[in-house]
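Produce the entire structure from the sequences given, and follow the hints as far as they go.
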Amino acid sequence: MNTVVCLKQVPDTESQIKIAPDGRSIVTDNIKWVMNPYDEYAVEEALRLKEKFGGEVTIIGVGPKRVTESIRTALAMGADRGILVDDPAVADTDPLSTARVLKAVINDLDYDIILCGKQGVDGDYGLVGSSLAELLGIPQISVVVKLEVSADGSTVRAHREVEGGISVIESPLPLLITAQKGLNEPRYASLPGIMKAKKKPLDIKTLADLGLDPSEVGADAAKIKIMQITPPGQREPGKVVEGETPQEKAANLARLLHEEAKVI
Amino acid sequence: MAQGIWIVAEQREGELRKISFELVSEGRRLADKMGQSVTAILLGSHIKGKAAVLGKYGADKVIVADDERLATYTTDTYVSVLAQLTRASEPAIILLGATVQGKDMSGRLAARLGVGMAQDCVAFSIENSNLIAIRPIYAGKAYATVTFEESWPQIATGRPNVFELNEPDDSRPVEVIGAEFNLDDSQFKTKIIESIQQAGGKVDLTEAERIVSGGRGMKGPENYVILEELADLIGATVGASRSAVDAGWRPHSDQVGQTGKVVSPNLYIACGISGAIQHLAGMGTSKYIVAVNKDPDAPIFQKADYGVVGDLFEVVPALIEELKKIL
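Here the protein sequences line up with chains S and L, keeping their order.
Anchor point for the first sequence: position 222 equals 222 in this note's numbering, and the numbering is continuous, going up by one each time.
Anchor point for the second sequence: position 150 equals 1150 in this note's numbering, and the numbering is continuous, going up by one each time.
Don't read these hints as lab results, they were simulated from the structure.
Warning: the hint list may mix true and false statements.
[Unchecked claim] Pairs of lysine to any residue, SDA-like flavour, derived with a Cα cap of 20 Å:
hint, chain 1, residue 1, chain 2, residue 2
1, L, Lys-1325, S, Arg-255
2, L, Lys-1191, S, Arg-255
3, L, Lys-1191, L, Lys-1325
4, L, Lys-1189, S, Ser-154
Treat the numbers as computed from the prediction; the structure is a model and nothing was measured.
This is the structure in structure tokens:
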């Protein structure tokens, strides 16, 4: 069973986000770049499928050279090979164009399951996975928290998180799933894994290598444009609820919620 | 020329969900600025009787796609019907809910139509008949204002609990019509095997009006009973911080924050939560925030409207007693 994991590199969730002087991007100095947390679940699930059914795990990233570090992390966890599409033309593109680039890479691969994180924790679009499934003409199951593949490898049964419960979906292969927290507990790369990863193939491709033109997938092709990035609104300074004892504080809080905020 | 605003209503088990009314209300406000009409699209089975109520919130027309195969949401069937209806009528703007269903459809629908999609928006405006959307990025550590390049329809999903409901107007006329579409069963590969409801059938965190949330200060899973009691009393849903989830005290689906759920209730009560940056990002748009924490320097107090410095194991039970007097 061959799997493909689409990987994004994002600022660590600990990061403070500062807006750049152009007002349309963020300051990237001092940002620690990491594998998107949801993609870690996708990589781990692909490795578990490989352990059960055999086959190869291919990691695909789109972005600048530094993304190779996150791809190497996935290789150190146990993935077999990596492909990075590094082209200045896709730096500022939108999710649909990213999906088109991924499709061009995947067209040359033999795959049974494609795994993506449910969303990148940077732009928070959560659109690349489902757009890619559409472009490839394969079914999708999103926000998956449990994945079971039948013993003969022909069908998938996935639990997806819906409001107030779980929906169990069955699908034939090939298909695309997007990973939600809870799917598994991602492993850490072992030292031997890190050593091995250095020798695993990691190809870097440009749009031209994929037969794509920047006019189809680059910033100019983006259907969504960011005009401005602004900080969140500042909240009004709050009140410290007075009281000598916990009972007094609780009584004052109850009164404030009822009479001032009128939310209870 | 593309015309009109479409709202994709959402139903579950034949009942309209609140996001449908929120979107119709917002769609009405936008349509009035453009001098255009609002059409709600409703997919389901034996659902036509539910259509008219959408008119009370501002829909001029409801197009109902009624078919047994649409009773329950599946990606394949719903995207197929929506894409067909869109191509036939060419609306200018389509709004869906940024719900599990809406977010599952959105990328697929946008890719099928080859247009742009703004996901999980918290505000909309209209400029020269174009949709402008504001959406949180980095889980709310910043906000992006996005526009659509010259392509239609302009599609966006709107976050639940954010858009104000219009006062329902019983006298508003509404036209309900049936949709024309084809469903080709050979195209539909996925099927739903089972739906498992969470115990108690609580309102999901993303839709909850009130949330009582507990963190590391809860000291263990057994202590959440006091939060459950407070939540039951005020009709709230219980949430948790990442550290409480990672410790195995609460299920992943309860996590609020950057790698959990982003929530915007009317009232968010944080108990024993210090306020890591990822958590603050995930609940910072709540209308009223209450923090109960022993540490007066905890970052959560910078976001709180009402801060109680104290031991939650004393304050929360006392608060329950006080609220019982009021309610």
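When the structure is checked against the list of hints, which entries are broken? Sort them ascending. 2 and 3
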